[in-house]
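Student: Now for the letters of each chain:
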Amino acid sequence: MLMRLDWDTVVYFFPKLLVKLPVTISIVLVATVFGLLLGFVLALAQLERVFVLRQVSKIAVSFLRGTPIIVQMFLIFFGLPLLLKAIGLDIDDLDKIWFIYLTYSINAAAFFSEILRSSIGAVPRAQWDAAEGSGLTRAQTYRRIVLPQSVAVALPATGMTITSLLQDTSLAFMLGIVDVVGQVKALGSITGRLLEGYIVAAFFFVLLSVLLERIFHKAEKKVTFRKKAT
Amino acid sequence: MSHDAILEVRGLHKSFGKKPVLTGIDLAVEPGETVALLGPSGSGKTTLLRCLNFLECADAGTLRIENQSVDLRQAHKKEILALRRRTAMVFQNYDLFLNKTVLQNVTEGLIVARKAPKEEAIVTAKQVLEQVGLADRLDARPHELSGGQQQRVGIARALAINPAVLLFDEPTSALDPEKVQEILDLIRAVADTGMTLIIVTHEMAFAYEVAHRVVFMEGGEIVEQGTPQQVFGAPKQERTAQFLARFTEGKTPEYFI
Chain A
2 MLMRLDWDTV VYFFPKLLVK LPVTISIVLV ATVFGLLLGF VLALAQLERV FVLRQVSKIA
62 VSFLRGTPII VQMFLIFFGL PLLLKAIGLD IDDLDKIWFI YLTYSINAAA FFSEILRSSI
122 GAVPRAQWDA AEGSGLTRAQ TYRRIVLPQS VAVALPATGM TITSLLQDTS LAFMLGIVDV
182 VGQVKALGSI TGRLLEGYIV AAFFFVLLSV LLERIFHKAE KKVTFRKKAT
Chain B
22 MSHDAILEVR GLHKSFGKKP VLTGIDLAVE PGETVALLGP SGSGKTTLLR CLNFLECADA
82 GTLRIENQSV DLRQAHKKEI LALRRRTAMV FQNYDLFLNK TVLQNVTEGL IVARKAPKEE
142 AIVTAKQVLE QVGLADRLDA RPHELSGGQQ QRVGIARALA INPAVLLFDE PTSALDPEKV
202 QEILDLIRAV ADTGMTLIIV THEMAFAYEV AHRVVFMEGG EIVEQGTPQQ VFGAPKQERT
262 AQFLARFTEG KTPEYFI
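In the order they appear, the protein sequences are chains A and B. Count along the first sequence starting at 1, add 1, and that's the number in my numbering. Count along the second sequence starting at 1, add 21, and that's the number in my numbering.
Check each hint, because a few of them may be wrong.
Said to hold, decoys possible - Computed spacing ranges between beta-carbons, pair by pair:
#, chain 1, residue 1, chain 2, residue 2, range
1, A, Thr68, B, Pro61, 28 to 36 Å
2, A, Ala127, B, Arg260, 28 to 36 Å
3, B, Ser62, A, Ile71, 51 to 59 Å
4, A, Val211, B, Pro41, 57 to 65 Å
Note that these hints are calculated values from the structure, not bench results. Heads up, the beta-carbon is just placed ideally off N, CA and C, and yes, glycines get one too.
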C-alpha cells in the first residue's frame with residue numbers, strides 16, 4: 002500500500018526529534034574529544050617509535066580502520082562485559098550509551114591518529130632542527146613549534162572525520178540508543194510513519210554537517226600562517 | 022691538547038648507515054676565534070657542524086664546550102641539552118619558526134629553553150634585532166620577509182642566546198648575490214665583537230678575509246688547516262691547492278705577499 006507523505010506528521014515529529022538531538026551531538030562530542038586524545042597518543046607512539054607501544058598502535062589502528070563500526074560496537078557491547086567479568090568487574094547495570102561513547106571514541110581515535118601522524122610528519126624536518134638547535138626539549142618542540150604548525154594541515158581532514166562520525170552515529174540505535182535515528186524508529190513503530198521521521202532526521206543531519214563545515218572553514222582561515230599556495 | 026680552547030672535539034666519528042661521513046675529526050677552537058670550514062660537497066663539513074650541535078649524533082669521540090665535556094658515544098639527554106644550549110646554529114635555509122613572528126623567533130630560545138624572564142628576553146631580542154637592522158619588523162611573519170631579512174632574523178635568533186660558539190651552516194648559499202654581501206658583512210661584524218664562530222662556507226674571499234683559521238676538509242677528515250695566508254697562499258697538500266686553485270688564481274697578487 003502506498004502512503005501519502007503527510008506534512009502534518011513531519012511538523013509533529015520535528016520537536017520530538019529535536020529533543021533527541023543532544024544525544025546525537027553528545028556522541029559526536031565525546032568521540033571527538035577522547036578520539037583526539039587517544040589518537041594523539043597512538044600517533045606519538047608511532048612517531049617517537051616507542052618500544053612495543055608502536056606495534057600495538059599500528060595493529061590497533063589497522064584493526065579499527067579495517068572493521069565496520071557496527072562490528073566494533075557489538076564486539077564491545079557483548080565482549081567487554083565478559084572480559085571485565087573475568088577480572089571480577091560487573092558492568093551489567095551500565096547504561097548502553099557508555100558502550101556507544103567507547104566504541105565511537107576508539108573508532109575516531111584510529112582515524113585521528115592517522116591524520117595527526119601525517120600532519121605532524123608534514124612539518125619540515127628543518128623546523129625540528131631549528132627548535133632543538135635553539136635548545137628546546139623535544140616536548141617543547143612539539144608543543145610550541147610542531148603542533149601549532151601541523152594544526153593547519155590537520156584541520157580539513159579532521160573536519161571531514163568529525164562529519165562522517167556524525168553520520169556514523171545513525172548506527173547507535175542498533176544498541177537501543179534513542180538518539181535522532183532511534184527516535185525515528187520508535188515513532189515509526191507507534192504511528193506507522195517512517196518516511197516523515199527520516200525527512201526530519203535528514204534535515205537535522207544536514208544542518209549539523211553544514212554547521213561543522215562552517216566552523217572548520219573559519220578555523221582553517223584563522224590558523225593558516227603561511228601564504229596559500231595558489 | 023689545548024686547555025684554553027672554548028670548544029674541543031677529539032676523534033669524532035660519524036657514519037650514515039654503512040657510509041662513513043666523518044673519520045676521526047680533531048678540532049680545537051680558541052675563544053674569539055673565527056674558523057672557516059672549507060671543502061667540496063660531501064666532505065662532511067655540515068655533518069661536523071651538526072654533530073657539534075647534536076642535530077646529528079656522532080658515533081664516537083669526545084666533545085668539550087667551555088667546561089663541560091661529554092663522551093659522544095654515550096651522551097645522556099640532559100648532557101646533550103646542556104651542551105646544545107651553549108651553541109647556536111644559523112641555517113642555510115634560515116629555518117625560522119614559521120608560526121612565530123620575528124620577535125617571537127628570537128625570544129623563543131630565551132624564554133622557553135633558558136627560562137629567561139619574558140620582559141628581559143624581549144629587551145634582549147629587540148637589542149639584537151636592532152643590531153641586525155630589523156628593529157622595524159618585529160611583528161612580521163617569516164613568509165613576509167625576503168631571504169636576506171630572514172637570515173638576519175636567523176642570526177639574531179642565534180646571537181640572542183649569547184652562545185659560547187656560534188655555528189653557521191652555509192649561511193649565504195640560499196641568497197641572491199646582492200644579499201650575500203649584506204649577510205657576510207653582518208657576520209663579519211659579529212666576528213669583530215669577539216664572538217667565537219665556526220662557519221661552513223663556499224665564500225672563499227670571505228673565509229680569506231674574516232677567518233682567523235681555515236680548515237680544509239675532504240672525505241670525512243681534516244686535510245689541512247692554518248691561517249688563511251698559509252692555506253690559500255701556500256697550501257701544503259695537493260688536494261687543498263687543487264680545490265682552492267680556482268679562487269687563488271683569480272685573485273690579485275696583493276693577497277699573497
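Student: Can the suggested window of 57 to 65 Å be confirmed for the beta-carbon pair valine 211 of chain A and proline 41 of chain B?
Tutor: With a Cβ separation near 60 Å, valine 211 of chain A and proline 41 of chain B satisfy 57 to 65 Å, so the hint holds.
Student: Mind checking the hinted window 51 to 59 Å against the Cβ distance between serine 62 of chain B and isoleucine 71 of chain A?
Tutor: The hint (51 to 59 Å, Cβ to Cβ) holds, given that serine 62 of chain B and isoleucine 71 of chain A are roughly 58 Å apart.
Student: Lying within 28 to 36 Å: is that true of the beta-carbon distance threonine 68 of chain A to proline 61 of chain B?
Tutor: Cβ of threonine 68 of chain A to Cβ of proline 61 of chain B: about 55 Å, so the range 28 to 36 Å is violated.
Student: Taking the CB of alanine 127 of chain A and the CB of arginine 260 of chain B, does the distance hold inside 28 to 36 Å?
Tutor: holds (31 Å)
The structure does not agree with numbered hint 1 stated previously, though it agrees with all others.
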